[in-house]
Amino acid sequence: MSLATLDLPAPREGLLRRLSDILVRRARLLTLLLLVPPLLWLGLVYLGSLFVFLGQSIFSIDEFSGTIVREPTTATLLELFRPANFDIVLRTVGIASAVTLLCAVIAFPIAYYAARYAGPKVKAAFYLAVMMPLWSSYLVKVYGWKLLLAREGAIGWLAGKLGLGGALEAWLALPLVGGPSLSVSYTGMVLTFTYLWLPFMILPVQAALERVPPHLIEAAGDLGAAPGLVFRTVILPLAMPGVVAGGIFTFSLTLGDYIVPQIIGTSALVLGQAVYTLQGTAGNIPLAAAFSLVPILVMAVFLTLAKRTGAFDAL
Amino acid sequence: MTRAPLSLKIAAIGGLAFLHIPLLFILLYCFTTEEKSYAFPPPGFTLKWFGVVWGRADIWAAVGLSLKVASIATVLALILGTLAAGALARARFFGREPISLLFVLPIALPGIVTGIALRQAFGLMEIPFSLWTIVLGHATFCIVVVYNNAVARLRRLSPSLIEASMDLGADAFQTFRLVILPNIGTALLAGGMLAFALSFDEVIVTTFTAGQQSTLPIWMLSELIRPRQRPVTNVVAVLVILVTFLPILAAYYLTRHGEAVAGSGK
Numbered sequence: 001m002s003l004a005t006l007d008l009p010a011p012r013e014g015l016l017r018r019l020s021d022i023l024v025r026r027a028r029l030l031t032l033l034l035l036v037p038p039l040l041w042l043g044l045v046y047l048g049s050l051f052v053f054l055g056q057s058i059f060s061i062d063e064f065s066g067t068i069v070r071e072p073t074t075a076t077l078l079e080l081f082r083p084a085n086f087d088i089v090l091r092t093v094g095i096a097s098a099v100t101l102l103c104a105v106i107a108f109p110i111a112y113y114a115a116r117y118a119g120p121k122v123k124a125a126f127y128l129a130v131m132m133p134l135w136s137s138y139l140v141k142v143y144g145w146k147l148l149l150a151r152e153g154a155i156g157w158l159a160g161k162l163g164l165g166g167a168l169e170a171w172l173a174l175p176l177v178g179g180p181s182l183s184v185s186y187t188g189m190v191l192t193f194t195y196l197w198l199p200f201m202i203l204p205v206q207a208a209l210e211r212v213p214p215h216l217i218e219a220a221g222d223l224g225a226a227p228g229l230v231f232r233t234v235i236l237p238l239a240m241p242g243v244v245a246g247g248i249f250t251f252s253l254t255l256g257d258y259i260v261p262q263i264i265g266t267s268a269l270v271l272g273q274a275v276y277t278l279q280g281t282a283g284n285i286p287l288a289a290a291f292s293l294v295p296i297l298v299m300a301v302f303l304t305l306a307k308r309t310g311a312f313d314a315l
Numbered sequence: 001m002t003r004a005p006l007s008l009k010i011a012a013i014g015g016l017a018f019l020h021i022p023l024l025f026i027l028l029y030c031f032t033t034e035e036k037s038y039a040f041p042p043p044g045f046t047l048k049w050f051g052v053v054w055g056r057a058d059i060w061a062a063v064g065l066s067l068k069v070a071s072i073a074t075v076l077a078l079i080l081g082t083l084a085a086g087a088l089a090r091a092r093f094f095g096r097e098p099i100s101l102l103f104v105l106p107i108a109l110p111g112i113v114t115g116i117a118l119r120q121a122f123g124l125m126e127i128p129f130s131l132w133t134i135v136l137g138h139a140t141f142c143i144v145v146v147y148n149n150a151v152a153r154l155r156r157l158s159p160s161l162i163e164a165s166m167d168l169g170a171d172a173f174q175t176f177r178l179v180i181l182p183n184i185g186t187a188l189l190a191g192g193m194l195a196f197a198l199s200f201d202e203v204i205v206t207t208f209t210a211g212q213q214s215t216l217p218i219w220m221l222s223e224l225i226r227p228r229q230r231p232v233t234n235v236v237a238v239l240v241i242l243v244t245f246l247p248i249l250a251a252y253y254l255t256r257h258g259e260a261v262a263g264s265g266k
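One line per chain: the protein sequences are A and B, in this order. Position one of the first sequence corresponds to residue 1 (UniProt numbering), numbered consecutively onward. Position one of the second sequence corresponds to residue 1 (UniProt numbering), numbered consecutively onward.
One should not assume that every hint holds.
To be verified - When the alpha-carbon atoms are kept at most 25 Å apart in a straight line, the in silico PhoX-like pairs for lysine-lysine are as follows: (1) A/Lys161 <-> B/Lys36; (2) A/Lys121 <-> B/Lys9; (3) B/Lys36 <-> B/Lys48; (4) B/Lys9 <-> A/Lys123.
Keep in mind the hints are simulated off the structure, nothing from the lab.
Same shape as in the complex, but just chain A:
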């Protein structure tokens, strides 16, 4: 069979063809042309407004007139270190750490089972069971917890039925973690956050565990290590990058949230709420911008540390 019998359409002529030739020959030009629209959107509109907003943290507010004084000063940034403001920062970082820890503890068995014991069918079912809550509506999930945590809600009812009503009361009577009811306590807030971000922890931990070479575990066993020792010295260190990768999500998502603390939580402010009130009712944009820098800085530090553990390969 000769090539001549192939019925190919003749190459197109004209402007379009010439344009195509230029693009194919000059790959860099093509890349540039492809990049222009998304870069205009994100670089100009998004990054532009971001810089304008965050940049105002070097301005201050006139205490009498409430207007913004457009002169560079470090006063606003230093205000973050006033005890009342610094407490907000510490409180938020504390909550985010508790949420991250709890997420890791709950996520690990799920990820471990899915990565090491589940067959293909069970693994697919596990994946779907993690993805569905991940993508379901954020507000609906918060609402579910409001129902559960309410004084007259299901958790209180269940505790009563199991004869644990006293234990629940005792827990709520504790300082710090307690409160009038679960729905207005740190316990409720941490539980809700943990629920919201748990899938973000499961997925990278599972990915990291799946990359642990099976013969490494066999070798450890052959050399006489008991299962517990294998877990502690081989599996856990190799899974750590996955935990850190998941922690990036659980930590940063908790740092920036202001909706959950508004619905479930105490009257003490967290970072997100502070930013929200400052830009809204207080009208203090410079301090709001300064507060917004905190989660960004905390995450920058977190990410630098995470990079060293190799967490980015586990994403």
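The hints should help you fit chain B onto chain A, whose structure is shown.
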């Protein structure tokens, strides 16, 4: 393969139950006869709240606005995300890393920072709040979802397919239409559906870019902060679960066989 220890099995299944039980409770609560509290167990069951929601014009207006915003934001994200993925999937050039970081930034930074920044920018440029201000905010973080899906598929697409197409005389546009698009089609569809679900559900950025307009999540948020119509909120919550559930399930089935892309075997 060895069998899993019982304690691990219990912990894993318990963890998954933790992920699903709250959603089941919402479903249960839409049938409750109790109007004033979240009393458990519900004192009785009724179907009347579905009828009540059906007759509420304000809820349907919010649903309509949310659907409109999500559709436009998804189309914009599909165009911009695909372009970005096309540029960054294989090319190596100076500044590539910062640019890919820029695409991820809108979901990496707290939503509240994005929201306030956009609101400030609208204020400075004296842009009044409208459907388009909401869309602008949503498209910004939907781009990355499409980008992630498209870039993963493009990297698996063998370059020799594109070379073959060109060798056979197709120009760049024909190659895109006849070779590249059919190969990344399902990835784009999946990315689009996830972007739609993300936009339909978004509340944090929207509170800053909506002004007086009410999308469905904004309506729900006001009910969460000051519950006035609990039974109606229960039903709306279940409707939201259904609207986001279907596209996500579809996206999963579309990308499930992602490894089996033409040309990936080489």
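Hint check against the structure, violated hint numbers in rising order: none
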